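With the sequences and hints as input, model every part of the structure.
The opening position of the sequence shown corresponds to residue 962 in our numbering, with each subsequent residue numbered one higher.
Each hint should be verified, as a subset may be incorrect.
Claimed, not checked - Derived CB-CB ranges, DEER-like:
(1) Ala1237 <-> Pro1204: 37 to 43 angstroms
(2) Arg1192 <-> Lys1234: 20 to 26 angstroms
(3) Ser1269 <-> Lys1231: 34 to 40 angstroms
(4) Ile1009 <-> Gln1217: 23 to 29 angstroms
(5) Asp1011 <-> Asp1247: 38 to 44 angstroms
Claimed, not checked - Using 20 angstroms as the maximum straight-line C-alpha spacing, the simulated EDC-like pairs for lysine to aspartate or glutamate come out as follows:
(6) Lys1093 <-> Asp1071
(7) Lys1093 <-> Glu1129
(8) Lys970 <-> Asp1061
(9) Lys1234 <-> Asp1258
(10) Lys1231 <-> Asp1261
(11) Lys970 <-> Asp1261
(12) Lys1321 <-> Asp1296
(13) Lys1053 <-> Glu1006
(14) Lys1303 <-> Asp1258
Keep in mind that the hints were calculated from the coordinates and are not lab data.
A quick note: this is a predicted structure, and the numbers were derived from the prediction, not measured.
Just so you know, even glycine gets a beta-carbon here, dropped at the ideal spot from N, CA and C.
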Amino acid sequence: MDNNTSAIKRIRRHIRGQTHTFFAATAPGFESLCFEELSALSLKEAKITDGGVEFGGRVWDAYLANLHLRTANRILMRIGEITASNFHRLEKKLADVPWDIYLPTDGVPDVNVSVRKSRLWHSDAIADMVRKSIRNRLGISGTPLSSQQIFVRGINDHFLFSIDTSGELLHKRGLKIKVGKAPIRETTAAAILMQAQYNPQHPLIDPLSGSGTFSLEAAMMSANIPAGWFREFAFTHHPSFEPGRWKHIRREAEKQIAIPNAGQIFASDKAPKACAELEKTVAQHDLSQLIRVDCKDFFDIMPSQISSVPGLVVINPPYGRRIGTQAASEIFFQDMGKHLQKAYPGWKAAIVVPHKDLLKYFPFKTKIYQFFHGGMKLFLMIGKIAPEHSILH
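Structure (structure tokens):
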């Protein structure tokens, strides 16, 4: 039996023929939304953990999760566990890991290590040892790098090894031509739309659209276009990859895509360059039926001229730590609250704010959700906009 035939049999036995544990990593605060998405995909044994959701399934369930999950940052597949309190034992145990059935032989992957409460605490030394083990197993000389990633998490001398099935972070949808200033990630935008219970049958106004993240995510939701439809994934380069299975999953997803006849998504920004780039993106991906792009200042937008019925207005406004000064942001938030009450009565609002002190500028009933974006603690305010001069109870 040649080595190739032996490897194929081992892949069938240990990867394709087994149930595995996966981890969908999310931004802190959005774990429950990711759990709901996994449940909708009928992926089993899902449970919320720190930083994401664990779930069980066959290897192709990772294909499904990567393609469809809108709130996950990446999908990891657990491939092994080692208990070691010294480097000699770690090296010995690493030699038993069958890297060749998980990784392509085009190079050594990036190794991401985090350790706490362990006697082996030097993350760089652990990463070097893992890379050495992989080179020995794959028969790679030198240090050519591949696009693959291995994640090692050590707690109390117990090390968990995972392979990244996603590649680039999943917020990179493969849609945008250019990214605007202080962008919000697509995964975060999708989570905000879900938390606000966005209904594609009702209008959505994205009045500070920038590069159009909210509008593009809403368009994909309304047409049932999978989050990963326009991009590639790391798992397609794994030795266990099944092209036929992947084609079938994509075909089944394609059957569900349906572009509505009349789109109700309205994106606007006062920067002509941002509007032009968004229009290019919309046209390139055949989303013109769904998204209308206008170039207007936020305070010049009158929703009554856009729709006769209220819908959702979603806003990621400029705030001091990212754009301009703190004082300018305070003034903008105050003016924004007044304009929303004057122009958007009866509409639902979903607004990102950097701290709770700014909530005083929105005198209507809201629910507040805390989340993290780029390491920054933020708050999502969702509520129905009361008419101007109304009394808050």
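Against the structure, the hints come out as follows:
{"no.": "1", "hint": "Ala1237 <-> Pro1204: 37 to 43 angstroms", "in the structure": "38 angstroms, holds"}
{"no.": "2", "hint": "Arg1192 <-> Lys1234: 20 to 26 angstroms", "in the structure": "25 angstroms, holds"}
{"no.": "3", "hint": "Ser1269 <-> Lys1231: 34 to 40 angstroms", "in the structure": "25 angstroms, violated"}
{"no.": "4", "hint": "Ile1009 <-> Gln1217: 23 to 29 angstroms", "in the structure": "27 angstroms, holds"}
{"no.": "5", "hint": "Asp1011 <-> Asp1247: 38 to 44 angstroms", "in the structure": "40 angstroms, holds"}
{"no.": "6", "hint": "Lys1093 <-> Asp1071", "in the structure": "12 angstroms, holds"}
{"no.": "7", "hint": "Lys1093 <-> Glu1129", "in the structure": "24 angstroms, violated"}
{"no.": "8", "hint": "Lys970 <-> Asp1061", "in the structure": "12 angstroms, holds"}
{"no.": "9", "hint": "Lys1234 <-> Asp1258", "in the structure": "13 angstroms, holds"}
{"no.": "10", "hint": "Lys1231 <-> Asp1261", "in the structure": "10 angstroms, holds"}
{"no.": "11", "hint": "Lys970 <-> Asp1261", "in the structure": "65 angstroms, violated"}
{"no.": "12", "hint": "Lys1321 <-> Asp1296", "in the structure": "12 angstroms, holds"}
{"no.": "13", "hint": "Lys1053 <-> Glu1006", "in the structure": "32 angstroms, violated"}
{"no.": "14", "hint": "Lys1303 <-> Asp1258", "in the structure": "16 angstroms, holds"}
Hint compliance for this structure: hints 3, 7, 11, 13 are not met, and every other hint is.
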